[in-house]
Amino acid sequence: MLFLQALTTDPNVSSVLFFGTIGMLALTIGLIVFISFHQRKVIRYQQQLQQLEQDQQKTLLNASIRLQEEERQRIAADLHDDAGPLLATARLYLNENFVNLDKQTQLQSIYNAKQIIDDTIQLIRNISHSLMPPTLKNFGLESAVNDLFQKISGSGSMNASSRFHDYRERLKPENELIIFRIIQELVNNILKHSNASFIHLTQNSSGQRFFIRLHHDGRGLTQADFEKLGKSNVGLGLKNIQSRLKVLQGRIFFEKDMSQTYYKVTIELNREEDSRLPAGTN
Amino acid sequence: MLPKLSILSSLLPITFFLLFCYKNGNKGLWVIFLYSISSLLFDLFLFTSSWAFENKYLVWNIFAILEYSMLSYFFYIVLKSRATKIFILIFSTIYLILFCLLASTSDDHFNSILSAVGSVIILILCLVFFTQSMKLTSEPISFFSPIFLIVVALLIYVASTLFLYIVASRLSDKEMEQYWILNHVVNILMNVIFSMAFISFRSQHKNPSTENAVDFTRLPDDR
Chain A
1 MLFLQALTTD
11 PNVSSVLFFG
21 TIGMLALTIG
31 LIVFISFHQR
41 KVIRYQQQLQ
51 QLEQDQQKTL
61 LNASIRLQEE
71 ERQRIAADLH
81 DDAGPLLATA
91 RLYLNENFVN
101 LDKQTQLQSI
111 YNAKQIIDDT
121 IQLIRNISHS
131 LMPPTLKNFG
141 LESAVNDLFQ
151 KISGSGSMNA
161 SSRFHDYRER
171 LKPENELIIF
181 RIIQELVNNI
191 LKHSNASFIH
201 LTQNSSGQRF
211 FIRLHHDGRG
221 LTQADFEKLG
231 KSNVGLGLKN
241 IQSRLKVLQG
251 RIFFEKDMSQ
261 TYYKVTIELN
271 REEDSRLPAG
281 TN
Chain B
1 MLPKLSILSS
11 LLPITFFLLF
21 CYKNGNKGLW
31 VIFLYSISSL
41 LFDLFLFTSS
51 WAFENKYLVW
61 NIFAILEYSM
71 LSYFFYIVLK
81 SRATKIFILI
91 FSTIYLILFC
101 LLASTSDDHF
111 NSILSAVGSV
121 IILILCLVFF
131 TQSMKLTSEP
141 ISFFSPIFLI
151 VVALLIYVAS
161 TLFLYIVASR
171 LSDKEMEQYW
181 ILNHVVNILM
191 NVIFSMAFIS
201 FRSQHKNPST
211 ENAVDFTRLP
221 DDR
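Chains A and B are the protein sequences, given in the same order.
Oh and the first sequence: position 162 is 162 in my numbering, straight run, nothing missing.
Oh and the second sequence: position 53 is 53 in my numbering, straight run, nothing missing.
Derived from the structure by calculation, the hints contain no laboratory data.
Careful, some of the hints might be misleading.
A partial selection of chain B residues facing chain A, derived with a Cβ cut-off under 8 Å [stated by the list, open to error]: (1) Ser160; (2) Leu162; (3) Leu182.
Cβ-Cβ distance ranges computed for the label pairs, FRET-style [claimed, not checked]: (4) B:Glu175 with A:Phe37: 32 to 42 Å; (5) A:Ser14 with B:Asn55: 19 to 29 Å; (6) A:Ile43 with B:Lys23: 47 to 57 Å; (7) B:Phe53 with A:Leu31: 33 to 43 Å; (8) A:Leu236 with B:Val192: 54 to 64 Å.
Yeah, the Cβ is synthetic: ideal placement off N, Cα and C, and Gly gets one too.
Same shape as in the complex, but just chain B (with noise of 0.2 Å):
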């Protein structure tokens, strides 16, 4: 039941977003939608197909790829310094290039190393984030600005996730689907934040004057 409702949990910032940022949301808004959308084929695929199924490590690993490219494009976007922009580019070549290196040697288990540097990298991104914006003493971020929760939901997924990742090489598949129970629950948690974020764009795009602080959806680059 859980696993079913993680995999379709994504269904609801995919609606969020065609409802309500489809004709105006910005480049960081795009890349959650889309990242949204493979989560939920790369999910649908691991579910309904033998062959994927059979090969599951294989799948992960491709999705891993997918999901840090998409995940680091989105901070490279929503991040404004140039230093961090340059580290984005350099560690996320150097991750992604390893990563295609050692990820074939290790199709038949999960690779635990690999995944946790990509999570600790997509953690150090959102603490930069917060760091950053809350050096913007001028212009206070909003707690309801739509990329605000999107990193918010990110944090939470990542940090929660990063220990299993870390042990998930040394356990058997019964343990493995018995402890995968955390990720399917942060899964829904996290696609909970992104509707939740889609609909505050919504919001704040009806009421302007209402938003108080600055709104982080506007980025420079979109202008």
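Okay, chain A solo, but in the shape it has when bound (with noise of 0.2 Å):
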């Protein structure tokens, strides 16, 4: 106010006048400007962002129709190449019985025909064990992991464990598979890639968040090479779990341990997302 009042006491009121508009609007002119390029800069910069996240969604929409399309193929080569020769058979047997009238040869060729529907059935049932797996289905997330993790080390092949701390509340079945399914991929992934020795799968909670941790000692990756990889052509397995995260909004880190003797893979979820997310979302 006193600063006003000295202004207009002042005798040279025109120049007073005329410097402090013209200072008045350059101060305007320039913020406006300076509104003007940032604006410009944020509008630019957001661009790229949504192009970067543009092209993080084709890769993994083409991670997952790839994947799709490798599922299928499998399927289609397990029921042509196992189950189609083995059915051909069956139905060889059978028409033994139309040429061959002696009783105790049709009787073997039933028998024959039989086992090998029985092998056919069972075929079918792996094949559908492999799309759904019947112990996730019935008994849930921790009995699937273990079933899977005691497989593992029955064959010898490499010592694995596993132990759930606290799933009491079970997640939504449908969350519960796509899991099931990550925990599948970083387990091949272990055992095609690492040659470790072991591995070991813990659970626990922190409140409303949900961990999986493996741990193993083999050869393994860090979280710049997991990115690295999300981001190239390669690593389809990884897209692939990358998707299935984004749909559960879940994390994955990779990690080498304090010790530089084991890595580490953390899955962390948070439970209110998972009562959030719709039914079938997989």
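Both chains are given apart, each in its own frame, so use the hints to dock them into the complex.
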């Protein structure tokens, strides 16, 4: 207020008015120019971010499509190479009955056909189980993971163990399947690439957060490797993990243990997201 | 010529508002429309009525109160932060009470201090708007958003006339007439930018997909 009064008492009113107005206008124009440049910069930055996100989405979608195609090919190959010949053989045995009327021979060929049909049933069951593990469906993630690790350990190729510390409250079945697939993918990678002698899985919860951690002593990935592979054209399995985690809005961390001996993979989920996710998101 | 042009320039935003924003214009645009109407009416009243011309300082004071109330209400709608809304409410109440008390004692001359303080408050609100808009890094404001253009127009008007208002009380009637040209020029410019704002509102509603940034004319209160 004093400043304003001091200005008004200035005898050279016109110069105050002239310089004051010019100064204010210059400041205003400067401000508008600054804002315009700033906004352009922000918009450009956001466009770049959007572009990156679109690219990432595209890569994930491609990975998901490729994976789906591979899965279809595998099922087609299983059916064509295993079930097809088995059923054809069974048909041949049954055809025998029309040609050979000897009762003993007929009984033998019916028995052989039955054996082959049993094998085919078992084969189709295996294919069906690989699509949706019955243990997971009936008994939940804990049992399915324990089952998977027991099978790995039972094969003698690697020492595998799993332990669920706090899994009294089950996740939604569709989310359990997604997590199970992620674990399968990680375990497959470890079996294929790490040359590890053991894998150990632990599950834990902290408040609303749900953790699964895998330890192994082979060659592993760090977070930087994971991100690099996620952006490249290779690493289909890792992209698949990324896209599955995106559905769950979960996170994954790859790191080397403090002792530099083990590799750790941690999957983190929020149980609130689990309850919010609509059914059938997989 | 220039004073007449300045008065008539208020018709521009009024016409464009009625053409493009009358049906779906939001609160902020309506406030500016009413401001343009009141500005036109006051100017016409001053220009045509001899009583108003004789008591021009009283008429100016009344218009200053109305003008300040409308512009501060405009910012009250536009600015989203709760603290700023409280700031507007408190300062506007104090300012308007002071204005009403002091304006009655200055019917015979231009009240520089009150007008300048009003301008400074509006200037601060313009700066607050820009600061808040720049903070929203995830939602950049469009240079052609109607509200942005309106704030730019107000900023130019207030910044250009601030020093004129400060020195106006020291000017003789003749000097006042001479320097008031600045007010007329800036008033025309402000009305042109207001018109641009209303036109941009129309173009945004016609082609919403071409709008890259957030439309600040769609305020949460209006939904």
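A quick look at each hint next to the structure:
1. Ser160: holds, 6 Å
2. Leu162: holds, 6 Å
3. Leu182: holds, 7 Å
4. B:Glu175 with A:Phe37: 32 to 42 Å: holds, 39 Å
5. A:Ser14 with B:Asn55: 19 to 29 Å: Taking Cβ atoms as reference, A:Ser14 and B:Asn55 lie about 27 Å apart, which means the hint holds.
6. A:Ile43 with B:Lys23: 47 to 57 Å: 30 Å Cβ-Cβ, so the 47 to 57 Å window is violated.
7. B:Phe53 with A:Leu31: 33 to 43 Å: holds, 37 Å
8. A:Leu236 with B:Val192: 54 to 64 Å: holds, 59 Å
Going through the hint list in order, the structure does not satisfy hint 6, though it satisfies all others.
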